[in-house]
Amino acid sequence: MALGINTNVASLSAQNQLGKAQQLSDRALERLSSGLRINSAKDDAAGLAISTRFSSQISGLNVATRNANDGISLAQTTEGALDEITNNLQRIRELSVQSANATNSASDRQALNDEVQQRIAEIDRIAAQTTFNGQKVLDGSLGTAAFQVGANAGESISLDLNTSTRSDSIGKKASLVAADISGALSSTPATQALGSLTAGNDFSGTDGTLTLSFATTDGSESLTVTSVVTSEFPTTYLYELEVEDGFQAAGFGADGSGEVNGFSLDLGGETSIRNAVTAGTFSVVREDGLNFESSQSAANFDGAGANDPEFANLTSTPTTADGIADGPTTLASGDFTLTVGDRDPVSITGEFTNSEELADLINEQASLVNATFDNDNNSITIDSAEALTINGNNTDLLNAFNATSASVNSGSLDALDIGDVPGANDAILRVDSALKAVNDLRGELGAIQNRFESTIANLSTSVENLSASNSRILDADFAAETARLSKSQVLQQAGISVLVQANARPQQVLSLLQ
Numbered sequence: 004m005a006l007g008i009n010t011n012v013a014s015l016s017a018q019n020q021l022g023k024a025q026q027l028s029d030r031a032l033e034r035l036s037s038g039l040r041i042n043s044a045k046d047d048a049a050g051l052a053i054s055t056r057f058s059s060q061i062s063g064l065n066v067a068t069r070n071a072n073d074g075i076s077l078a079q080t081t082e083g084a085l086d087e088i089t090n091n092l093q094r095i096r097e098l099s100v101q102s103a104n105a106t107n108s109a110s111d112r113q114a115l116n117d118e119v120q121q122r123i124a125e126i127d128r129i130a131a132q133t134t135f136n137g138q139k140v141l142d143g144s145l146g147t148a149a150f151q152v153g154a155n156a157g158e159s160i161s162l163d164l165n166t167s168t169r170s171d172s173i174g175k176k177a178s179l180v181a182a183d184i185s186g187a188l189s190s191t192p193a194t195q196a197l198g199s200l201t202a203g204n205d206f207s208g209t210d211g212t213l214t215l216s217f218a219t220t221d222g223s224e225s226l227t228v229t230s231v232v233t234s235e236f237p238t239t240y241l242y243e244l245e246v247e248d249g250f251q252a253a254g255f256g257a258d259g260s261g262e263v264n265g266f267s268l269d270l271g272g273e274t275s276i277r278n279a280v281t282a283g284t285f286s287v288v289r290e291d292g293l294n295f296e297s298s299q300s301a302a303n304f305d306g307a308g309a310n311d312p313e314f315a316n317l318t319s320t321p322t323t324a325d326g327i328a329d330g331p332t333t334l335a336s337g338d339f340t341l342t343v344g345d346r347d348p349v350s351i352t353g354e355f356t357n358s359e360e361l362a363d364l365i366n367e368q369a370s371l372v373n374a375t376f377d378n379d380n381n382s383i384t385i386d387s388a389e390a391l392t393i394n395g396n397n398t399d400l401l402n403a404f405n406a407t408s409a410s411v412n413s414g415s416l417d418a419l420d421i422g423d424v425p426g427a428n429d430a431i432l433r434v435d436s437a438l439k440a441v442n443d444l445r446g447e448l449g450a451i452q453n454r455f456e457s458t459i460a461n462l463s464t465s466v467e468n469l470s471a472s473n474s475r476i477l478d479a480d481f482a483a484e485t486a487r488l489s490k491s492q493v494l495q496q497a498g499i500s501v502l503v504q505a506n507a508r509p510q511q512v513l514s515l516l517q
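Residue 382 in my numbering sits at position 379 of the sequence shown, and the numbers go up by one each step.
Don't read these hints as lab results, they were simulated from the structure. Ideal Cβ positions, reconstructed from N, Cα and C, are used throughout, including at glycine. Please note: incorrect hints may appear among the correct ones.
[Said to hold, decoys possible] So the derived label-pair ranges between C-beta atoms look like this:
# : residue 1 : residue 2 : range
1 : 402       : 377       : 16 to 26 angstroms
2 : 114       : 439       : 21 to 31 angstroms
3 : 503       : 468       : 48 to 58 angstroms
4 : 402       : 331       : 17 to 27 angstroms
[Unchecked claim] As a list, the in silico DMTMM-like pairs of lysine to aspartate or glutamate whose alpha-carbon atoms are at most 25 angstroms apart:
#  : residue 1 : residue 2
5  : 490       : 86
6  : 139       : 97
7  : 23        : 389
8  : 139       : 47
9  : 139       : 367
10 : 45        : 367
11 : 439       : 33
12 : 439       : 359
13 : 175       : 33
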């Protein structure tokens with residue numbers, strides 16, 4: 004190797020190695036002082052990008068945890084208010100049960116109703132004034148509340164607060180109405196009366212309505228039924244007589260007698276007074292609204308008075324009737340079933356002849372319902388605090404109702420009035436409905452609190468795992484970095500020593516010039 008002085012290769016090499024040792028030391032000192040393995044993109048560009056995403060997720064999850072805690076606070080605030088609404092509803096129900104008792108006077112019920120109205124007003128106040136961070140939570144105005152419980156868009160939990168707990172929004176009931184159950188009552192078809200009637204002769208025809216038509220010259224004539232071949236007057240009859248003013252008619256049978264005297268008719272012990280007999284048609288109707296009808300009969304008429312020939316030809320005019328009741332309607336198992344909410348169906352069994360008896364059967368055998376009736380119209384109404392469904396094999400009875408199912412959508416709590424027994428019974432049903440609505444909302448609030456707590460636990464676990472992952476990428480390994488620092492320091496010392504020697508080498512050439 005040539006010995007020269009212009010280029011000191013050894014010195015250059017020593018300088019290069021010393022620089023590298025210096026860089027290694029600088030990097031080690033930077034990481035040890037910051038605690039980070041990546042202090043800039045030049046340290047690890049890919050690692051920096053991953054670490055940045057991890058940091059974003061971790062920060063977002065920490066905020067989501069706070070959001071979930073806020074959700075718990077809102078749910079607790081709302082549920083606390085609902086607890087007090089429940090207390091008021093329970094008191095209203097107690098008062099309603101007390102008012103339904105027969106021992107209370109009108110003034111007693113009024114006093115009870117006064118407290119009910121105050122309780123309803125308090126429910127409205129709670130619903131209107133319960134707020135969280137300035138937002139009303141019980142009047143339905145908040146709508147669906149979305150709680151951001153994740154670090155990314157769309158990661159939320161929704162709470163439906165569209166339900167208003169104001170008195171005009173709760174306390175609804177389900178109602179099924181049968182305006183007239185006559186078609187479900189046991190009956191046989193009615194037929195027309197055919198044939199003719201002549202004085203002195205017998206009459207024969209089929210079951211149905213018999214109309215007797217005759218004329219007179221003045222109001223002094225009379226008509227007497229002298230014999231009846233079929234001496235039976237069942238109590239399920241419609242008997243019509245068309246008479247002129249001043250006429251009398253009387254009929255006699257083995258089990259009863261009938262007399263039309265302008266005011267009454269008695270058949271087999273069944274008496275009904277409807278109107279005075281004048282020119283026109285006189286109808287006998289049982290008090291329960293069912294028809295009377297004459298069975299097949301024949302009569303022998305004896306004309307009396309100055310104008311006997313006027314009665315020589317009495318004719319029977321055919322008429323039509325819907326049906327003839329022949330006994331109670333029997334409901335066997337499966338004929339008429341009633342389902343309340345999601346409970347098992349209840350089969351109503353027994354006998355009934357009118358809406359009152361059917362209502363009694365329903366109230367005795369089905370729970371959580373209240374059946375009311377109107378015998379004048381033969382109607383029945385079934386109410387419940389939960390959804391109602393009717394079914395069964397008795398299609399005549401089912402068809403009498405306006406529908407076979409009803410949801411809870413009728414009325415509200417603000418119309419409660421326990422001033423009488425029907426109102427008190429209605430209030431009990433409506434309060435039960437309101438309690439169910441409030442309990443459903445409380446259940447949802449309780450469930451979402453537990454869900455928030457579970458969410459917070461999951462978020463904490465996610466933050467822990469992401470932080471650990473980020474640490475492995477971003478944080479400096481102090482053991483490794485201190486080793487590198489020690490190494491760099493040794494290399495620096497050695498490099499300096501070698502550089503001194505390399506720089507001294509050109510001076511050795513001077514000895515050759517001596």
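Quiz item: Going back to the hint list, which numbers does this structure go against?
Solution: The structure conflicts with hints 5, 6, 7, 8, 9, 10, 11, 12, 13, although it agrees with all the remaining ones.
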